[in-house]
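Participant: Here are the chains, one letter per residue:
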Amino acid sequence: MRGTMSDHPNSLMKESWSMLATYVTAIILVFVLTFHLLLESPLSGKSLDATLTFGAATNNLTYYQVVFGLLLLTAVIHGLNGIRAIAVEWLHPKRFRLVLNLIIVILMAFFLAVGTYTLVVVG
Amino acid sequence: MEKVKIDVVRTGGKRATFELKYRKGMTVLDALIEIREQQDSSLAFRHSCRMGICGSCGMTINGLPGLACHTQVSELKTDRVRLEPMHNMQVVRDLVVDILPFFDLHRSVKPFLMRKNIAERDGSDREYKMLQEEVGRFLQFDYCIMCGLCYAACPTAALDPSYTGPQALAQAFRYMADPRDEGWKERIDLLDTSHGVWRCHAAGACSFVCPKDVDPAKAIQMARVEVLKRRVLGKKGRAGSTLITVTEPASRKEGTKAPPFDFPQGDGR
Amino acid sequence: MTEAKRYKAGLLPSLNPLGFNVERWSYALHRATGVILVGYLMAHIFETLQLSGGSGAWSNTMNALHSLGPLEMVGLWIVAGSALYHGANGIRLILNEMFGKLMGKPILPVYPYSPTSLGRDQRVAVWTITLVVLALWVWAGMYLLAGLGVV
Numbered sequence: 612m613r614g615t616m617s618d619h620p621n622s623l624m625k626e627s628w629s630m631l632a633t634y635v636t637a638i639i640l641v642f643v644l645t646f647h648l649l650l651e652s653p654l655s656g657k658s659l660d661a662t663l664t665f666g667a668a669t670n671n672l673t674y675y676q677v678v679f680g681l682l683l684l685t686a687v688i689h690g691l692n693g694i695r696a697i698a699v700e701w702l703h704p705k706r707f708r709l710v711l712n713l714i715i716v717i718l719m720a721f722f723l724a725v726g727t728y729t730l731v732v733v734g
Numbered sequence: 006m007e008k009v010k011i012d013v014v015r016t017g018g019k020r021a022t023f024e025l026k027y028r029k030g031m032t033v034l035d036a037l038i039e040i041r042e043q044q045d046s047s048l049a050f051r052h053s054c055r056m057g058i059c060g061s062c063g064m065t066i067n068g069l070p071g072l073a074c075h076t077q078v079s080e081l082k083t084d085r086v087r088l089e090p091m092h093n094m095q096v097v098r099d100l101v102v103d104i105l106p107f108f109d110l111h112r113s114v115k116p117f118l119m120r121k122n123i124a125e126r127d128g129s130d131r132e133y134k135m136l137q138e139e140v141g142r143f144l145q146f147d148y149c150i151m152c153g154l155c156y157a158a159c160p161t162a163a164l165d166p167s168y169t170g171p172q173a174l175a176q177a178f179r180y181m182a183d184p185r186d187e188g189w190k191e192r193i194d195l196l197d198t199s200h201g202v203w204r205c206h207a208a209g210a211c212s213f214v215c216p217k218d219v220d221p222a223k224a225i226q227m228a229r230v231e232v233l234k235r236r237v238l239g240k241k242g243r244a245g246s247t248l249i250t251v252t253e254p255a256s257r258k259e260g261t262k263a264p265p266f267d268f269p270q271g272d273g274r
Numbered sequence: 361m362t363e364a365k366r367y368k369a370g371l372l373p374s375l376n377p378l379g380f381n382v383e384r385w386s387y388a389l390h391r392a393t394g395v396i397l398v399g400y401l402m403a404h405i406f407e408t409l410q411l412s413g414g415s416g417a418w419s420n421t422m423n424a425l426h427s428l429g430p431l432e433m434v435g436l437w438i439v440a441g442s443a444l445y446h447g448a449n450g451i452r453l454i455l456n457e458m459f460g461k462l463m464g465k466p467i468l469p470v471y472p473y474s475p476t477s478l479g480r481d482q483r484v485a486v487w488t489i490t491l492v493v494l495a496l497w498v499w500a501g502m503y504l505l506a507g508l509g510v511v
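Residue numbers (our numbering), protein chains in the order written: chain A, 612 to 734; chain B, 6 to 274; chain C, 361 to 511.
Careful: at least some of the hints might be erroneous.
Heads up, simulated DSSO-like pairs for lysine-lysine below, C-alpha to C-alpha not over 30 Å straight-line [said to hold, decoys possible]:
id : chain 1 : residue 1 : chain 2 : residue 2
1  : B       : K19       : B       : K82
2  : B       : K190      : B       : K134
3  : A       : K625      : B       : K134
4  : C       : K365      : B       : K190
5  : B       : K10       : C       : K465
6  : B       : K190      : B       : K241
7  : C       : K365      : B       : K8
8  : B       : K134      : C       : K368
Where chain A lies over chain C, by a calculated footprint (3+ residues, C-beta under 8 Å) [unchecked claim]:
id : segment
9  : 405-413
10 : 446-457
11 : 463-477
12 : 487-495
Sample of chain C residues facing chain A (criterion: CB under 10 Å; computed from the structure) [unchecked claim]:
id : residue
13 : I438
14 : G441
15 : V498
16 : G501
Just so you know, the hints here were simulated from the structure itself, not pulled from any lab data. Note that the coordinates shown come from a computational prediction; the quantities given were computed from them, not determined experimentally. For every residue, glycine included, the Cβ atom is placed at its ideal position computed from N, Cα and C.
All chains should be built: construct the whole structure from the sequences, respecting the hints.
Facilitator: Right, here's the structure in full:
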């Protein structure tokens with residue numbers, strides 16, 4: 612009899628925790644992303660070209676380092692968790708769920724590392 | 006409308022078109038029975054009660070899941086009716102699908118009352134009493150006829166064959182909300198899996214097609230709230246005590262009379 | 361379900377909302393915009409990394425992007441629309457999924473049926489989001505596509 616696809620009994624992370632991470636990062640993202648877009652929008656008083664100059668970009672990253680750090684963290688977690696959800700549904704891995712989770716965690720760590728490097732060097 | 010054309014997707018993807026004389030009040034099931042009796046006796050489809058209570062005649066009617074007995078030809082607003090098997094299920098023959106895996110999903114959520122004291126459950130000499138407002142918390146979800154239309158409509162079920170499905174998840178919540186049930190802990194673990202309640206994305210297609218207004222989308226979101234409360238807030242106890250209170254619960258003191266209770270009703274259309 | 365072939369199941373059917381309720385359309389759009397945004401996020405992280413290489417590296421990156429011509433701004437416009445829709449609809453989904461709001465209460469069904477989860481509250485939210493996002497997207501389009509810079 613086939614039933615619900617039970618996770619491994621010793622799974623360290625119940626699906627509810629990963630979904631909670633998705634929800635919490637989503638709420639934070641709404642605020643930090645709005646802030647980020649407003650910085651680049653006409654409402655900041657600058658033209659689009661002016662916001663894309665080296666000076667303007669590095670200034671933003673320096674002055675708002677914490678906000679951009681939060682943006683990086685929440686965007687990577689939320690985005691890659693979403694990709695994981697699509698992968699779980701589309702590929703519905705039976706034996707390789709752990710492999711999928713590991714791949715996602717590695718990708719998260721990679722993009723977080725790249726983004727953090729930028730923030731540290733520029734900031 | 007004088008004539009109606011019924012296009013049926015048959016086994017192997019072949020299409021067969023039948024033409025019938027339209028009669029006022031004709032349902033899709035009436036048309037199929039007439040086709041089988043007068044034109045092609047090999048046409049296979051399920052039906053039983055012909056009154057929208059058994060859930061046997063589910064199929065895809067002009068692109069949407071529906072009960073053949075419950076769908077008037079006139080309400081489709083066209084004289085061309087396209088019939089296909091229900092989506093997301095394996096076809097047995099013509100419009101008949103393999104419904105057993107769907108029933109397996111239902112069984113997997115343990116759709117029965119779980120009591121800790123088995124002797125008391127099996128040997129009790131009295132019924133379990135419930136207040137009307139306690140019944141009101143889950144009664145809507147109890148009207149499910151297991152027709153499978155919600156599963157056929159669900160986008161996650163289309164993508165993920167391991168997904169528990171809206172019907173089973175709604176029934177899991179129905180039992181969680183039942184004040185007589187003591188199996189909330191087991192049900193939370195059944196729901197909180199990779200292919201359980203978290204794979205629902207609130208598309209609402211299940212509630213859109215449900216012929217009995219069971220509103221599985223609502224049940225699933227309420228189930229998610231319960232799962233989150235227990236995992237995150239560490240709340241214990243059955244769902245019934247934390248759900249939306251329909252009215253003020255009556256005192257349980259012996260001899261106290263419960264206040265009169267009016268079920269909140271759907272507003273119809 | 362077994363891995364045997366299920367009728368009209370799969371990725372494309374799951375994203376096909378034809379004939380269904382507006383919430384199913386919003387599911388398909390939410391998924392599509394999410395994928396677009398993840399793709400953009402990954403590219404954007406690498407683009408921003410060029411800032412650490414100094415103004416020369418950054419200029420090269422900007423020139424490479426400008427060489428795409430109108431595609432650059434059209435692509436940004438699509439990403440902007442995706443972000444607007446995904447964020448706004450996401451708020452509605454958080455209310456639905458995390459708090460159980462906009463779904464209505466359990467009722468006694470009365471024929472003809474009208475599920476409360478697809479009722480007035482939900483529809484008002486869906487259409488408000490749609491209209492607000494469309495308005496902001498048009499504004500973003502004027503900013504990005506028409507070269508209107510300063511307010």
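Participant: Taking the hints in turn, state whether each one holds.
Facilitator: Checked hints:
Restraint check for K19/B and K82/B: the C-alpha separation of about 25 Å stays at or below 30 Å, so the hint holds. Distance restraint check for K190/B and K134/B: the Cα-Cα separation of roughly 22 Å lies within the 30 Å cut-off, and the hinted pair is therefore satisfied. The straight-line distance between the Cα atoms of K625/A and K134/B is roughly 35 Å, outside the 30 Å bound, and the hint therefore fails. Annotation: proposed proximity of K365/C to K190/B is violated, straight-line Cα distance about 35 Å (limit 30 Å).
Proposed proximity of K10/B and K465/C is contradicted: the alpha carbons are some 41 Å apart, above 30 Å. Simply put, K190/B and K241/B have alpha-carbon atoms about 8 Å apart, close enough for the 30 Å limit, and the pair holds. For the hint linking K365/C to K8/B, the alpha-carbon distance of about 35 Å lies beyond 30 Å, and the restraint is violated. At most 30 Å may separate the alpha-carbon atoms for a hinted pair to count; K134/B and K368/C exceed this at roughly 46 Å.
With 6 residues having a beta carbon nearer than 8 Å to a beta carbon of chain A, the segment 405-413 of chain C meets the requirement of three or more and the stated coverage holds. Here the segment 446-457 of chain C counts 5 residues with a CB under 8 Å from a CB of chain A, which clears the bar of 3, and the coverage holds. Counting residues of the segment 463-477 of chain C whose CB falls under 8 Å from any CB of chain A gives 0; the rule of at least 3 is not met. Only residues whose C-beta sits within less than 8 Å of a C-beta in chain A count toward coverage, and the segment 487-495 of chain C has 0 of them, not enough to reach three; the restraint is violated.
Annotation: I438/C was flagged as interfacial toward chain A, and the flag is violated, the nearest CB pair being 15 Å apart, outside 10 Å. Residue-level restraint check for G441/C is violated (minimum Cβ-Cβ distance to chain A is 12 Å; threshold 10 Å). Look at V498/C: its Cβ only gets to about 14 Å from chain A, farther than 10 Å, so that hint breaks. Interface restraint check: G501/C against chain A, minimum CB-CB distance 13 Å, threshold 10 Å, status violated.
Going down the numbered hints, you'll see the structure goes against 3, 4, 5, 7, 8, 11, 12, 13, 14, 15 and 16, while the others check out.
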